[in-house]
Every structure is written in C-alpha cells, then in structure tokens.
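Here the protein sequences come in this chain order: A and B. Residues 0 to 250, numbered by numbering that gives the first Met the number 0, are exactly what the first sequence covers, in order. Residues 0 to 878, numbered by numbering that gives the first Met the number 0, are exactly what the second sequence covers, in order.
Derived from the structure by calculation, the hints contain no laboratory data. The C-beta atom is built at its ideal place from N, Cα and C for all residues, glycine as well. Hints should not be assumed to be uniformly reliable.
Derived Cβ-Cβ restraints for the label pairs, each shown as a range [as the list claims (entries may be wrong)]: (1) A:K200 - B:K38: 19 to 29 angstroms; (2) B:K52 - A:K200: 28 to 38 angstroms; (3) B:Q59 - A:I156: 26 to 36 angstroms; (4) A:I156 - B:Y121: 52 to 62 angstroms; (5) A:T97 - B:K38: 53 to 63 angstroms; (6) B:K52 - A:R78: 55 to 65 angstroms; (7) A:I156 - B:K52: 40 to 50 angstroms; (8) A:I156 - B:G106: 57 to 67 angstroms; (9) A:M158 - B:K38: 39 to 49 angstroms; (10) B:K38 - A:I156: 32 to 42 angstroms.
Below are the DSS-like pairs computed for lysine-lysine, each with C-alpha atoms no more than 30 angstroms apart in a straight line [what the hints assert, rightly or not]: (11) B:K48 - A:K245; (12) B:K202 - B:K181; (13) A:K242 - B:K52.
From the derived model, a few chain B residues whose C-beta atoms are all more than 10 angstroms from chain A [as the list claims (entries may be wrong)]: (14) K306; (15) N656; (16) E734.
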Amino acid sequence: MENANKKGINTISDFEIFSIFIIFSFLLYSLYPGKKLTEYAINEDKNYDLTEIYLKNIYQKYPENVDLLFALSNIYLKRGKTTHARELIQKIVNINDTEIKDKATLYLSRIRLYSINPASSNFKEDMIYLENYYSSEPFLANPEKEKYLKEYASVFIRMGLYKEGFESFYRILTARERSQEYTNMVFKELTRIMKAGNMLKEKAIKLSVFETLLSKDDESANELIEIYLQAGKPDMARSYSLKILKLKKLI
Amino acid sequence: MRERILFTILSFLSLNVFSVSSQQENLMELSYQSFVYTKDLENAYLIAKKASKIYPLDLQWKKRLAQVCMWTGRQDEAVAIYKKVYSIQKDFSVISPYMSDIKNLDGNFYEKVLLERIKKSYSDEELLSLLNLYIQNGNKEKVESLLSENEKNIKDKKIWSESAFFFIELGNLNKAIKLYEKSDKPKECYFHKRAAWLYFASKQNSKAIEMLSKKIDKCFKEEEFTSLLIDIALINGDLKKAVKAINLAYKNGNYREIDAENLFKYYFPSQKEKARDIAFSAWKKFSKEYFFQLFLSTFEKTEDKLKNLKIYFPNENNIEDFLSVYLENFRSLSDKEKNTLKETLLDTRDEDLLTSYFFILTSTGTFQERNQASSIFSCHPKMKSETLFALSFLKMSLYEYREALDCFYFASQNKPNSPNFFLNYGDFLKNAGFNTEADFYKRLAYENYLKNPPSDRESLAAFLRLSMEFSYSNNYEEILENYKNKISDNDYHELLLSFLSSKDMPEKMEYVMRKISYKPEWANFYLFTHGLSNTEYNPSSKIEPQALSGFYYSYKNKPAAVEKAWEALNNAPDSYISNIWKELSKEAYPSYNISGEYIDRSFAEKKEISGNFSKLISKKVKADFKMTFWEMNLLSKEDFSQKNINGNNLYLGFSGNYWKAYIGWEKKIKDFYPVKIELNPPLYRAKYKASFSLNNEAEDTFLLEVSGKENSLYQEFNFKAGSDISIGANLLLNEYYDQNGLYLGKGAQEEIYFSKKMRFYSLQPYLKEGSYSSSPYSPLASAYTISSYNPVKILPENFREAGLFVFLERKNMRAGRWFFPITLNISYNSSTHFYYSTYLNIIKETRRAGEISLNIGYSNGNSTNKDNLFSFNTSLNFR
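Same shape as in the complex, but just chain B (with noise of 0.2 angstroms):
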C-alpha cells in the first residue's frame, strides 16, 4: 500500500513537472519561430541558446542554434555545435545540410567527416565533395592517392574529368590524359585546347598540333582553339592543317585578321576567286581598309575592278568611297580606265563624285576628255551647287561660256539677291572675259552691301575689297584702319598691300611687307618686278622659283630663267614639271650625250658612237661639242675595193635663241671641213627657218657621203592653221663637188606639205620634187671612189614624189613614263618607185629633262637609191 502511494505522488510530481517543461519548451519554440518570421535574429539567437542550455540533450535546439549562429555570422560558433552534434549523434544527415557551410569554415572537419564517410560508406557524390576540396586546395598528392584507393568503387565519371582538368591546370599533362580518357570526356575543346598548350608550351608542336587536329572538327566554333590550332600549324610549317583551320574559321565566322590575310595569300596564286570572296568577307568583318585593297589587287584590270565594285557593293554607301579612289588617282589611269570610271559615274548619278570629277577634269583632263564630258553632262537647276560650280568650270575650260555661266547661275540661284552672290558671279563673268557684266554685277554687290553692310569678318573683307574699286575714296587706308578689327589680320594686310599696288606705291608695301608675317605671293612679285629684290627685305628668295624663271624668261634673262627652272624641277613634284622648265633647261643647262648607231644596208653596214656635250656660255649663247668615230664594213658579195672604211668627225657649234652655227672636221678619205649656219627668227603663228651650209658631207646618198661634199641652202616655211594644222613649203638648193673641189652639179629640191595633229597621232602629206643639172665636168668627177658599186650616182637623178608620213605618239610626255612614237613614211617616188619607211622610237624622258632612247628603222627604197636600209641606234642624254 506505501509503495502504491509513492508511485502515486511520484507519478503526479513528475506529469506536473514534464508539463510544466513541456509548455516552457513549446514557449520557447514558438518563440524561436516568431523570431525567425520577423528577423530578430538576436532575439533567435539568445532563445535557442537558452533552449540549449536548458535542453543539453535536444539536439534540435542545437541544430536550431548553428542554424542561427550561421545566419547572424557567428559561423564559429555554428561549426562548434555541428561538430557536437555530429559527435553525439554520428548522423550524416544531421550536417549535411550544412556541409557547405562547413567546408568553409573548417576544412579538416569537412575532409574528416567525407573521409569517415567514404570508408563507411562510399558514394560518389561524397568522395566528389572532397575531391573538389583537394582541388580547390591544389593538393596534387591528396588527389592521387584518393583516386587510387578508391578507383574501383567509382562510378560517377565526372571524378575523373574533374581530376583530369585539376593535373592539367597543374601541368601534368600526361596524368591529366589518362585521367580523361576514364572520364565520359566533357569540355574536350578546352581540354584538348589546353592539352594543346600545354604540348607546344613544351616545344611538342607536332603533339600540340595532332591534340587539336583531332577534335578541329567539334571544336572549329571555338576562336581561341583554332586559332592555335592554326599558330602551332604555321610556326611548325604545316600549311596543310593551317590551311583546314583557317578554313573552318572562315566558314564559321569567327577568323582573326591575320587569319583572313593568310587564307588570302594561300589562295590568291591559285585560285583568285575564292581569294578575292576572303578579302571580301575580311573587308565585310573588319572594316578594314587592307582588306579592300586585297580585294581590289584580285582583279588585274581597273575596270574590272570597277565593274565588280558594284556587283560586290551594290548597296553600299562607300562606293562612292571607292571611286574617290580612282578620282583620286585619275592622272594615272589608262584610257579605258578613264572610260570605265566615266560610266560608273554616270551610273552612280553621285553628284559629290561629279563634282570632284569636273574638277579633276578641268585641272588635269586633255581637251578630248573635257570636251566629251562637257558634251555629256550639261547643267539643271535641280543639280547641287557644287556640282554646278565644278561643270561651270570645266565648261568655262573649253571656252564654253554661255553654258559655263548658266551653270554659275544655277548654282548661285539658292541666293540670287546676295551681296556675295553678285560679287561671285562679278568675279565668274570677269574670268569670262564679260568685263562690263562683271563690273555690273560687282558694283551691284558693292551697293548692296553699302545697304546693308555685312557683319561677317569675310563679307566685310569682300565689301572692303570692292569699296578700293568703286569708292574713289582718297582716305582708302583711313577706312581700311577703322575696320582693321573687324576683319581678319590677312585680308587687312591684303586689302591694304592692294590698295598701295593700286597706287604705284611699291616702297611703302616693302615697308609693310616687312612688318607683316603674312606675306602674299603676288606682293612678294610685285616688289621684285619693281626692282625692290635687292632691298632688305629681298622678296624674291619668298617667291617660288618658277614664278621667277617665267619673270627672267620673259624679261630675256635666260641664265636667270634657267637657274630658277632648274630649281625649280628640282623641286617640284613629278606632276608639276612644265614642259617650259624642261625647255629651258634643256636650252640651257650643260648637257651631255652618247649614243650609238648600227646602219645595215644592201651592201654594206656601218657602226658609229658619238659623243656630245654642250653648255651656257654666256647669257645668249650655249655652246656644242660633237665627237663621233664610225666604222664601215662594206659586205664581200658586192665588188668593192676596200673592205673596210673608218673615220671620225668633230664638230664645234654654237647657239643663241634664232641661230645656229658650227664648224667641223670630217676626217674620211680624204678631209674636209664643214661650215653651217642656221636662223629661225620669231614670227607670230609662223615658223622661219633657214640654214647654209659650205662644204657638207653629201645626204643624199650613201656613197656621196664617202665621196663628195656639197653647199646647200635651206629654207623653209610653216604656218601654223589652227591648234592642230599646220602647212609649210620648204626649198633645198645644193651644189655638189667631189673631193678634190670639181664642181658636178647642182640641183634643186621643193617640198609642200600639210600636218594635222590628232589625239594619237598626226598625218603629214607631202609633195616633193627633185631637179638636177650636171655640169659638164661631171663624167671627170675625181672621186676616190671606194666601190664599183651599180648604179654609181654622182648626183640624184630628178624626181616627183608624193607620200604620207603618219606619226603615232601622244601630245604629252611625262618624266618617268616609256614612251614609243612610231614614225611611217608611204611614197611613190617617180625615181625609185614604191618607198616606205618605219622608224619605232622607245623613249623614256628622265626627271630632269634627260633622255633614254632606242631607235629601230627600217625603209625600203628612197629618193635617190634603191635599196632597204635597217637601222638601230641607242641614245643616253643626261645632265
């Protein structure tokens, strides 16, 4: 009975206090949950660390409590619990959750609890965990040896993939392969791109090479895994695979610049075409101009280039780019290029590039291309401006000035009543030559603005400029002075050095000239044409050189003249150079020459090398040395008496500007000593020429030339018909001895002809007629005659002949271009009948008026003997 009441009270005791500990539990559960709903962290905190305390063995309050600690950062703390509890409890699944956490915060406890783990019971997903942990902690041999005690229980084949990019990152590059090769192979582009790196970081070019030519075909997406792919295949000169690479990249898309230039460079030889799309694609991809070049050197003729420009780029905006190219480079271009471009442009109907076009015509274009532009393109209203101002130009150029001016007034039309306007169109029509409408209209601009005067610094310049002309003022400069500030310092100095020019005031400009840092060419000019060169202020070393050798020229100082055009062909660009400069260095300058001359007739042939300097002796005359040594080999077949004949000559001449006089020595069989003089005074539109000559050696024939002398008088006549006609008459008379001094004869040659120059070429029709009269000594000719030669002709017999001769070379020769002028002569000589000639020049002019040329010929026939004559002769001027 005492025991049943003891268990009684006991029983009750205890129900009271488990439930008393109960709801104090659940106060504080409830509690702990309100405070983790509203985040009062601290306040979850303190109760779950109480609960803790107060329940030692509820490990859920402590899980609650890590859990806690971790979310108010006291991570610590946290690991502390986990670990008791894991203690405790030996549950995994207790600190499983939390094994991230773990991991960071205390790795030994995380390699230890993965360790027991995996030993207890293996899973993959766990000996991955710390697999991972080794790895992230680079622990090479911890790697090792958890894979090889562990090898046959694994499964998951991402352990070896992952080991295998852990020993490759480390460099172990034939650890990592093996490992990979166990693995189901993911990333095997940035495996095998690194694996690949890894074998020609070690110089194993070839092994790094067949690493990426295995998966090239997976991987060709990958920039980066082509592109070594195709530096290890270049440096280790395997084109092959470069070239494949390269390919697939190209085709992908995704190629480097340089890989687009090799894949150019690889097929342009061979295969033009797909070359030319590379360039193309490149060009698309980088906007780079190289590659536009690249793509234009696939074609090898300008018009094709011009052609496919607009099949490539039918949409392109930059075509215009393109064709500005060729604008650009318009001197340059052939004919057909010219043409090509001229259709392009007409197809494009681009009135930017026409307008540079016209100017570029206007500038550079011959008279046959601005004529056939100005006949296609005429002016409308509706065209741009500039468009209008270039046409105007190019039509104001060919002397078109009705149409040159309507086109000037289209253009001008967006402001026709503006002071600007009409002093414009004042200056266009005054460049015309419509003096009085210039005046008109620049008076009219003058008045407007005295109207409203301008408020620009350039209008008031130009209003400035046109009260010096219509102002009459006395107090110009006062004027001038009161708007100095109101106007640019150049036009201020300009307009004031105009306004003294416009009074004869050249001491004053020096004055000025010398204050000013802004020192116009004209100014500099007018000083120096008003003898102010040698003052202090010495503007003519400001003035460009070939202004000063048109001065000198012009005012006969020709050693002047041809210092400064020296300087001046020194100096400027290859395009620059006038054939005026050329001239008269030419003229002027010490001149030397070789040539060298092989003659091949019917019967004999003859060798000749010259040489011949020349040089300004004073400031008129210009001086000539000529020596030449020649040989002569007459051929066996014909019956000649010598073999062989040589000689040589000398000549001394002098020059002025209308004359010509030498003398020589002309050592033959026997010799002799010529005297010429020449004179072609100055006509206007006509040509004078006349020479005499004692004691020359005979032209006419070949033999004569071994065997007689003649006297000759010339002259002759041209007048000039147009630009391009000419018509001229010439008369020869000559009297012919022999060696000895026997007079043979005379005879008497007229000729009248008429010239037309084309673009290409110039057709010259003649009219020749030859009389002789021998005199009765003539049989008794003493001549040493060196042949028998058959028919010997003492004298020419008389003769009509009419024949064309036709030049093909162009009007223009430029320094730095070959040139070939071809020279053919067609007669019909009443003597020797059919006649014709071939001469074929191949010239090629040097910068500073020197000359390379080489000479072949060949006729059949002439006037005097019948026979065909070959010759050869090469010519070096330089100075």
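Just chain A, with the same shape it has in the complex (with noise of 0.2 angstroms):
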C-alpha cells in the first residue's frame, strides 16, 4: 500500500470512508443493550462474582429498584452472603406492597433455607419454619413455586442431608391436602432426594402410602412403579401396575 501511495494511487475513496462509519455507528447503536442492562444482569444465573459487582454498582446507582435488590439478594444467596442477602431484604420488608412483601418472605425463607445448620441448635426450628413455608398458601401461590420447590431439594442434597430432606418432603406431602400439581412436585423431588442419597431400597416401602394419590398422575404413577422396581421391590410394582392398568382400563 505504501509502494502504491508513493505512486499516487487512490485505494479508497472518502465516500467509501464515511459511509463505512455511518453504518458501524448505526450497528453499535442497534446492538447496544442500554436500558435492558439491569434486566441481563438481573437473570444472570452464572458468573456470580462477575454479576456480583456489575449488580452491586448498578444497584447503587438505582437504589430504589426492587428488582435489581431482589436479584443482587439471590447472587449473595448463591455465593452464601446470607447475611449479605439479609441485610438487603431487611431494607424492604417494611413497605406496604404485598407483592414485594410476599416476595420478600420467599427471600427470608430461601436465606433461612441457605443457612440451615444441622449442628445449630435452631436447626429443628428451622426445619419447622421450613416445612410450614413451602406448604404455605403465599407459596403455592408462587408461579415459580416449582423452580424454589427445587432449590429446596438442591440445598438438602448439596449439603448430603438425604434423610432430613427426605423426611422434610415426606412431611409435606402427608401434612394436608393440596393440588395435584403440588402432590407431583413435591413427589418428584422426594423421589429425586430418594435417589441422590441412595435411599430407594429403604424408603420405598414408606411411598406406598401415597398409590393412591399418585395414581391420578400418569408420570407420578410410573415413577412410583419405576422407584419400586429399582429399590428391588417387583412385587409392590406388579400390584401398583395393576391397580394402574385397571384404573386406565388397559387390562
């Protein structure tokens, strides 16, 4: 290029120079996410010494967003700042706004939920309080219910505590009557439980109590039937199968 300028060719025009920066500029405008910031980093769901920060500083600069306070508490929550995430939800637990009022219950309760202790002394307490929660009518109201119904379950296996979590799930499944959809989830979780803490041979026989209220779910049902057949239990399967199959009239 050097040989061609000292011969005095032109390799580009200015047109060509200023319609190159009219379009970059019109692309980093597009492509700029400006306000849908605060939204990415509060879903960010990795990352979280990364989000951490970014939060931090955008939660300052907007102290009075719910949201971003809402999404920096569960950051700490997942880097186990419980008391971080307290101090956070502290702030809004006064304000007069059910919504916000019920969704900060749900964050007390996971923080509770992040700080349980089996060697505290408030362990049993917690686990009450825990249980009474996640059966509460504010929480089965929760269209999210399923993803924090998990998060429970999580806690219990990533700190190896089957049988507490076993027992809480089982506690919460015969404590009273509910929806369907509730019964599967819990179900779903307890059997999840069952598994990662290689409880089926134990507690399978302890399942048997809800056949009956399983059975109105085809996918519970079989998941009782497979739980049966993998804890070595073949003929509680075949009298569940059966009981099934009639129900579905397909013997």
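With the hints in hand, could you dock these two chains into one complex?
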C-alpha cells in the first residue's frame, strides 16, 4: 500500500470511508443494550462473582429498584453471603406492598434455607419453619414455586442431608391436602432426594401410602412403579401396576 | 397470523397427546417389567399383547410379546410374531437369538431364513446351522446340494466333518471318506471304527483292517476300536495285525477275555514267560479261574507251579485256595510234588490248609509220609481246634496215642467241662484203645447231662445214647418214646435200633426197619448177619457190595464173596478199589491169559506162545487149563545134530484155598506126563509151602529140559518177623531120570534167605547150596541128545552160592498206572563163579484186575550152566 501511495494511486475514496463510519455507528447503536443491561444482570445465573460486582454498581446507581435488590440478594445467596442478603431484604420488609412483601418473605425463607446447619440448635426450628413456609398458601400461589421447591431439595442434596431432606418432603406431602400439581412436584423432588441419597431400597416401602394420591398422575404413578422396581420390590411394582392398569382399563 | 395460531394449537395438542401416549407406554413397559420380575407371566402376556395392539408399529412390544409367548408356552404365536417382525424389519438380529426356538417350531421358516442369509451374506455358522437342520431331518439331497453350492465359500472344516459323519451314518462310505479328508479330522477313532465296520459289513475285511490299522496306534485306548480290529483281523486270518492290536489292548489294559486267551495261545508255544504274564494279568482283571489254570499251565513241573505261586501271589489271601487244589489232588501228586507242597504249607503256616493236609495224610498217606509229617508237626494249645483234631487223628493212625490224646485235649480246651467234650473225648479214647478211661469220660458226660439236661437236639441224642449205655433201665424204649419229638427222627430211629440190637432183637429190628425211611447201614448188616436176608425186608439189597463181600469171605462163602467183590469192583471209583476185592476176583473169576516169550541164549533161541484159561468150578475149586507151543532154533555155529526143534504142552490144573494140583502132557522129543501137587496151609505170621512133582520137566538146565525129567519135593518156610522183615528157608530134593526112565542120580538144594522191604525196594540176601550124587548108571544115560554141546551136564555140579536180590518196586500198585519193577540178582557161585541177572518189568494193571506186562531180562551164568541169556516176555491177562 505504501508503494501504491508513493506512486499516488487512491485505494479507498472519502465517500467510502464515511459510509463505513455511518454503518458501524448504526450497528453499535442498535446492538448496545442500554436500559436492558439491568434486566440482563438480574437474570444472569452464571458468573456469580462478576454478576455480584456488576449488580452492586447498578444497585448503587438505582437503589430504589427492588428487582435489582432481589437480584443482588439472590446472588448473595448463591455465593453463600446470607448476612448480606438478609441485610438487603430487611430494607424492604416493611414496604407496604403485598407483592414485594411476599417476595421478601420468600427471600427470607430462602435465606433461612441456605443458613440451615444440622449442628446448630435452631436446626429443628428452622426445618419446621421451612416446611410450613413451603406448604403455605403464599408459596403455593407463587408461579415459580416449582423452581423454589427444586432449590429447597437441591440444598439438602448439596449438603448431603438426604435423610433430613426426605423427612421434610415426606412431611410436606403428608401434611394436608393440596393440589395434584403441587403433590406431583413435591413427589418429584422427594424421589430426587431418594435417588441422590441412595435410599430407594430403604424408603421405597414408605411411599406406598401415596399410591392412591399419585395414581391420578401418569408420570408420578410411573415414577412410583419405577422406584419400586429399582428398589428391588417387584411385587409392589406389580400390584401397583395392576391397580393403575385397571384404573386405566388397560388390562 | 392465522397459520401461526393454528400451528400453536396443533403443537400443543400433539404434545399433549404424545405426552399422554408416552406416559401410558411407559406405564405399560414398567408394568411389563414388574410382571416379568414377579414371574406373573400371564399378566405380562396380557400387557404385551395390549401394547402390541395399541402400538402396532412398535417392534419392541412385538418382540416382548413373542418372548413372553415363548415363556408361557405359546410357541406358535411367538413364531408367528417373529415371522412378522422379520418380514417387516428384515433384520436377522431380531430373530437370531430365537433361532433355536424357531427351528424347533417352524423348520420351514428357519430353513427359509437361513437360506436367505446364506445367499445374501454367507457365513459358515449359518451354513452349519442349516446343515445341521438337514442332517437332523436326514435330508441327504439337501445336504449334498447345500455343500456343492457353497463349496467355495466354506472355511470352517467342521462343516466337512459334520457332513462326513452324516454320510457315514447313512452308510455312504465313499462320500463320507471324501468329505472327511477335507475336514480337520475330528473324532478320528470313531470315524475309522465306523468306516471299518461298514467295510466289514460289506465283507471288505482287508479294507476294514487297513482303515483300523492306520489309527490303531492312536486309538488303541478305545476298547471297541481295538476289539473290532482284533476280531476282523482274526476272521481274516491276519494274525500279525491281530496280535499287534491285542498287544496294544493288553498294554493299555482294555482287553477282553477272549483277547487275553488268544494272546496267551499265541505266545504259549514260543514265549512261555510272556504267556504266563498275560494269563496272570487276565486272571487279575477278570477273576476267572480259567486264567489261573492257564497261568499254571505255563509251568511244566508242579513244584515250579507252587514256587511261582508264592512269587506271583505273595500277598494273595487265596494262595490257600491254590494250595487246596493241590491238596485235593494229593493222591495223584508225585513224591517231589508232595514234598514241595509240604514245604509250601510249612512256609504259609495256614492252619486250615494244614488241617486238610493232616486229614488227607491220615486217609491216604503212606506210612512214611504220615510218619514224616507227624515228626515235623506237634500239637500246641494255640493251634486251632480243627488243626489239632486233624493232627490227633494223624498221630493216632501211627499208634502215637499219647501225643494224639494231647492234641485232642488241646483241641477241646475251649470247653473242657462240657458234657459234649467228655463224650467226644471218651469216644476218642475208646478208638485209641483206652477203654477204661473212655468209660470214665463217657460216664462223666452222662452225669453232666443228668445234672444239666441238654436242650438242643444233638446233645439230647448224645445223652440218650449214653443213657442206653449207663442207665441200666429196662424201660429205655419208653424213655426214648418220651423224647421222640425232641430229637431228630434219624437219631430216634438209630437209637431205637441200637437199643434193639443191644438186646439182640433182630426180628423187631427188621419190623422197625421196614417201617422207617432212614435205614442205617450197620442195621442192615446186622439183620443180614442174623440170617434175615431172605425175609420180606431183604436187607442184603441195601448193603454195599464190598461189606457183603467181606462178610461172605469171612464165612468162607467164596463164590458169594467173589460175586460181591466183582460188583464192588465194577461200581467203585478207581481210587477205592481195594486189593482184597482184586485178589478175590483174581482167584475166582474166569480169567484169560495170552503170553509170548522169546529167549536168546549163547547157543540157541526159543520162541514160545501160550494161552491160559481159569475158572472157579465149585465153591472152593478153581480149574486151570494151559496150552503152550514152542520152537527152538539151535544156532548153527555150534555143533548140534538138529537145527531146530519144536513142541507143545497141555496142562490141566485144579486149585483150592490152600492147595494146587495139575497134570500135564509135554510133547518133546519124547512125550512125558508131569504131575504136581502143591500145598500152602495157613499159619499165623508164617507161610509154609510144599510141592511134590513127578515127571516134571527138568528146570535146572536148559539141556535137561529137552533131554530129561525129574521128580522133586520142595518145601519152603517163611516167617514174618515184622511188617517189613521176613526170614525163610527152602529145601529142594530132586531125582533125575533120562527120557527112558533110567535113574541118573539125585540132588538136594538148600537155601536160607532174609528179606527186608523198604519204601521203594526190597533186599533179599541168600545162601544156597546144591549137592548131587550120580548113580553108577549115570554115564549110561540114554538121553536123546540133540547136541554135542560142551560141556553137557546131565546132573548139576555141586555148588555153593551167596547172592543178593534187589527188587525195585512200589509197594502199592493201583489200576490205571504203569509200574516198572526191576529185579537184580548178583551172586557168587562156586561152580560158575560170578553170576548176575537183571529183569525189567513193565506192568500196567487194568481196572478189573487184568494186567498187561512186558518183561525184559538178561543174565550171565547161573548155578548150573555158564552162559548168557536174554529173554523177552509179554503177557496179557484179562477177564
């Protein structure tokens, strides 16, 4: 190109340079997130450390944004910073808004969930609180209840508290009548804990009390049969299968 | 926008429908699993069938249904499903696990599938499967076409071998062999054996042998293989191959009895050792007595047999059995064999065998044998009772009563105080001649029985026997009657008859005997001796002929004794023929004799043939008739007036128990008529014989026989000093006459001798003296001499002679065996100086007291003429 300049030959015209500038400016403008940045940060579910820094900065800029507060609080939970999370949530507990209040209660429950310690003297109390909360009407009304229920089970699994987790979910399932949907959700998480804790053989027999309850849902019924089979209880699997098949008039 | 809404609705619906369908299918699958796990196969079948109906395109369910059909016995349905699945999927892997089931249930489909597979993608495995199907169905054509179509592709040699075995079983030998050659040749032994069998069946024995011989080194461990080769080779006469095969089988131990026998026979003539080993091994293997006998037959001598028994069977318990065999045949053993047997018995120290040995010796052994055994064996309290009893009998037979009693006492030591012992001991003592002691012990037995009445039948019978002897009861018959049911019938009758005989009541005995079935021999004899033989009962018909013979003989009824002896002789076994019967028969039964003689002397030879017939003509008199023809050739070198001379003579004789008399006609140059009387009256431990003859042929010289005659008086006295020693003396007085009756002189010969019999020979030294005195007319003797033989001696010269006779012979001769007695005589004679003679007899005595004999003799010099004599005589006696 240097050789070309020396010879005085033009490689690109001024118009062409201008046009390229205009195109790139448009592209940058159209692709820049702008106001969507906050939304992205709130929904970010990876890179918790970077997200934490980013959310903190945004929250300082927009302290009135409740969603940011919940998001940051969520990140703190994920990173085990329950004290920070509680401090944040305490700020909005007293806001006179039902939706925010319910969400704050949910977060406080989650904070308590993440804080449980079987060695602590409050463990039993915590467990009773959590079981009550995850069976409560406000939680059942939460459209994301499946996600949080899964989180509830995951915490037990992560901490290796399979027995406690099983007992807790078993109690929730037997506590009182609830929707079929929620029953299925709880049963699903219950079986997840059982499988993770390798408790199929030991606990499968306890599930027989839910046979009628679960027979209304195909997936759950199948799950129960499968558990029976995996637990080495083919006779139970057979009798339950027959029950379901007859119910479905397949046999 | 409308399409988007429609798409969304349809998507939702389809998702929902598929979700429901998926859960249902999942449920069915889980249920199926739970049914299978719990073996609830009927529900498994129902659910699989339902699922197959709901999901007709799902092959997995079809497979499950087919599987559960198999399990529940619905094979036809299963195969139908498999066929359907295969027709849809054309995937062999789907049905491959079930091919064996399909083969069993639908052979055609199985065949079709495999044929498709082989055509599409050839594999040895599938070809083999199809081949096996055809083989199983026996479809020869299909097997052949399958092999020919795929010949180039076949890599697995098993296909060829399977086919080869198929064809060989069909009997197609050529095809089978061709195919087998292509294979890796498995089960060679079986194949070759089968092929050989087919060759054999088609009478191609050589090919069969060749087929088997190829593999015999490899297959000799199979009994059937070697047996087949052996049998065919033997049938074909191929001894070499048969022997090779038998040898292999023998080495391997899988031979049959017939093989061992054949191999034994093959080696026996040339390799006795090997034959022996074979017989021994076969005996070990088959435990057949026959092989043991074959084994023994490899030894020529019995002592070798016995010695080798010890070597071959050192630890065999049944060596006693083998020795028993020898003991059973003891009578026919040679002395050497008997000796070896004795040593073997001593080595084995088996008391059972010794017991048999003692019994056999007692009943059949010679004095020396018994004596020898008795000196070796003495009784010991630790010996078995049976052995001690046997030994006691042996010793008793030798009159060694003291030792015999000791043996008996030791033998009975087990029960010294029992009445049975006292009774047996008493009986024994009685037999031994100790009557007082015998009475004492028998009485002791009786008293014991009285104290403790016996309960068993035998002891009770013994007690009753003693009662008869010691109770002095007059009502013994009543006592016996009381015990009738407690003792055996035979014992009862025997005791009753004993009692009646003791009371001398033969008539009553006869009455009893007629009633009962058990008739003791002694009772018959008793009745017979009491003159009851001709009664209704006729006991003589029930008595053994030898007993009657003895009875008649003792009562001087010789013809009756002879008749019974003859009967006994005809009925008894060889070994039981006693000399008494023989002698009786010899004396009394008509007998015939034909004999020939040849004599060669220094100057003449004589040939003679004679016949004799004798018969008992009255109870006590036997007649004899004898006729002889003779011819003498005088040897030309001597100066004889005649070259030959012949003559004949006839004799008629009569004899009784103690006398003989005969008259004769001798035709020589001049006829003369001899008369002779002989007496031998019976004396105690001595014999006396006297004979007187007139006009007898001169015995002293050969020439006198033809030229003179003599009158003689002969007396002999013989005293028996012991069982084997005798002393005797004889005196012969002669008067000599010429043929015209001119008295020539007289002479006397005295002899004294001593005789000692040993086991195998007898010795008889003697002294003899002859003194003669001629009449003054002696030189005038008008002898019709036939020669001028020098020196001619009309009368013998005076002489003195000392000599020794040696008789080599066995004491007891038995029928059926050859004997070779030899007589040797050596003497010194003052007239003719040294003299010796030797005679060899070859004799065989026949069963019925007949005899065949040959006699060869040679002598040099005798008391009156010094010349050599060779004689040969043969004789045949028969009845």
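Results for each hint:
{"no.": "1", "hint": "A:K200 - B:K38: 19 to 29 angstroms", "verdict": "21 angstroms, holds"}
{"no.": "2", "hint": "B:K52 - A:K200: 28 to 38 angstroms", "verdict": "35 angstroms, holds"}
{"no.": "3", "hint": "B:Q59 - A:I156: 26 to 36 angstroms", "verdict": "34 angstroms, holds"}
{"no.": "4", "hint": "A:I156 - B:Y121: 52 to 62 angstroms", "verdict": "56 angstroms, holds"}
{"no.": "5", "hint": "A:T97 - B:K38: 53 to 63 angstroms", "verdict": "59 angstroms, holds"}
{"no.": "6", "hint": "B:K52 - A:R78: 55 to 65 angstroms", "verdict": "56 angstroms, holds"}
{"no.": "7", "hint": "A:I156 - B:K52: 40 to 50 angstroms", "verdict": "42 angstroms, holds"}
{"no.": "8", "hint": "A:I156 - B:G106: 57 to 67 angstroms", "verdict": "58 angstroms, holds"}
{"no.": "9", "hint": "A:M158 - B:K38: 39 to 49 angstroms", "verdict": "42 angstroms, holds"}
{"no.": "10", "hint": "B:K38 - A:I156: 32 to 42 angstroms", "verdict": "36 angstroms, holds"}
{"no.": "11", "hint": "B:K48 - A:K245", "verdict": "15 angstroms, holds"}
{"no.": "12", "hint": "B:K202 - B:K181", "verdict": "27 angstroms, holds"}
{"no.": "13", "hint": "A:K242 - B:K52", "verdict": "21 angstroms, holds"}
{"no.": "14", "hint": "K306", "verdict": "80 angstroms, holds"}
{"no.": "15", "hint": "N656", "verdict": "119 angstroms, holds"}
{"no.": "16", "hint": "E734", "verdict": "143 angstroms, holds"}
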